[in-house]
Amino acid sequence: MAHEEVKLFGMWSSPFVRIVEVALKIKGVQYEYIEEDLQNKSSLLLKYNPVYKKVPVLLHNGKPIAESLVIVEYIDETWKDNPILPQDSFERAQARFWAKLIDDKCMPSLWRVFRSKDNEQEKATEEALENLKILENELTDKRFFGGETIGLVDIAAKITVYWVQVAQEVAGVGIISSQNFPVLFKWIDDLLSCNVLKETMPPKDKLAAFFRTHSKASK
Amino acid sequence: MAKTDVKVLGAWPSPFVMRPRIALNLKSVEYEFLEETFGSKSPLLLQSNPVYKKIPVLIHQDKPICESLIIVQYVDEVWASGPSLLPSDPYDQALARFWAAYIDDKQWFPSVRGIALPQGEEGKAELMVQVFEGLALLEDAFDKCSQGKAFFGGDKIGYVDIALGSFLGWLKATEKMNNVKLLDETKNPNLVGWAERFCSHDAVREVMPETDKLVEFAKMLRARFKAPAS
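Residue numbers (the working numbering), protein chains in the order written: chain A, 379 to 597; chain B, 5 to 234.
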């Protein structure tokens, strides 16, 4: 295959960047990883993602793509080995639905829990638990959400749960435990047995330290 | 394929419901439109979309698909022999997905809707700024996506056209109710031309609600959900 230039602009503590990285690794794509300092964004990042000015941004042969789910679909379309989305149209629609739920509902509601206090936190926790329950109910004892191999929903869900595990410890708020979300909890153990996920996740203590610093910095 | 194989659960004022209907029209797929009664949710809706309990829902061969843009992609893939809604080139596809997500996820439509709600002049002015900013970005995006042709999708209506165009009814209603011009020929010449073409297209005309009807509907909503005087 001709030399293809693939670059990923990211930030080590971003779960969205990790989702894209896992997708690239599953496909066996060679890429250059560029770490961004979000307090001091590079001119390249601002050039490639003028609308949101955020990571992740994928650059493929000089053309930029932003928004993690858009990037993952692009990766799946461009590199055909090891499909991340199902082939069947109905199952694809399901995968997109659940990935969107995780992205639109679960992640934001979880962040609200960790960033709020007292009454607000109580409300936010209720909402987050509701959202996670929806996800838990959909999961089964199957190893992967959609089939025999890891797919988009697996990646998004497992990375989310990993992040929550660290964040909840730092915040002192229990969200996911083996009691209240046995399936999700089991999934996280399973994540660590999946090499490509394991090697892409930042170490828990490093992430915890990052959350601690950030919770002090914010109001 | 029998007509009853494909059903759309929806309501006439909803821009999100318009999307799968336009997609099915473009593909010349016959479908049954099941109108939800305003203020209540049918058992079929609750059963088909237990997570969000929202319209639209596409029911195809008894299987439900939810979320308007996910439905549009599904329609595009299943009825592949019809004109394609997403570009075939992966990069152009990614751009289309990006802009559709921007339209839905960013402040844009909520800002438009927000202008219609009762509030102070300052709040309204702020929302207008957001809407204008969004329109400026979309004016630019039109250039990039259309490459000189009639629609975001090129010669024919595509994914981004459907995503944005479905809001035109409410955009016009908001302009009328507030005596403001949001889509302006001087600021958004591309979009103004595009809007006219989109609204007059066969696949769109029959499902695009009339502005006056939407205004009436909005007034009814406002009266129903009137905030208590503070």
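I should point out that these hints are in silico values taken from the structure, not numbers from a laboratory. Treat the hints with care, as some may be off.
Claimed, not checked - Computed spacing ranges between beta-carbons, pair by pair:
1) B:D109 to A:S420: 42 to 48 Å
2) A:G406 to B:M181: 22 to 28 Å
3) A:E413 to B:R228: 22 to 28 Å
4) B:R228 to A:P428: 52 to 58 Å
5) B:V55 to A:L422: 52 to 58 Å
6) B:D147 to A:P486: 29 to 35 Å
7) B:N182 to A:N573: 52 to 58 Å
8) A:S420 to B:D216: 36 to 42 Å
Even for Gly, the Cβ is constructed at its ideal location relative to N, Cα and C.
Now the hints, each set against the structure:
no.	hint	in the structure
1	B:D109 to A:S420: 42 to 48 Å	violated (24 Å)
2	A:G406 to B:M181: 22 to 28 Å	violated (55 Å)
3	A:E413 to B:R228: 22 to 28 Å	violated (52 Å)
4	B:R228 to A:P428: 52 to 58 Å	violated (41 Å)
5	B:V55 to A:L422: 52 to 58 Å	violated (39 Å)
6	B:D147 to A:P486: 29 to 35 Å	holds (32 Å)
7	B:N182 to A:N573: 52 to 58 Å	holds (57 Å)
8	A:S420 to B:D216: 36 to 42 Å	violated (51 Å)
Against the hints set out earlier in the document, violations occur for numbers 1, 2, 3, 4, 5, 8.
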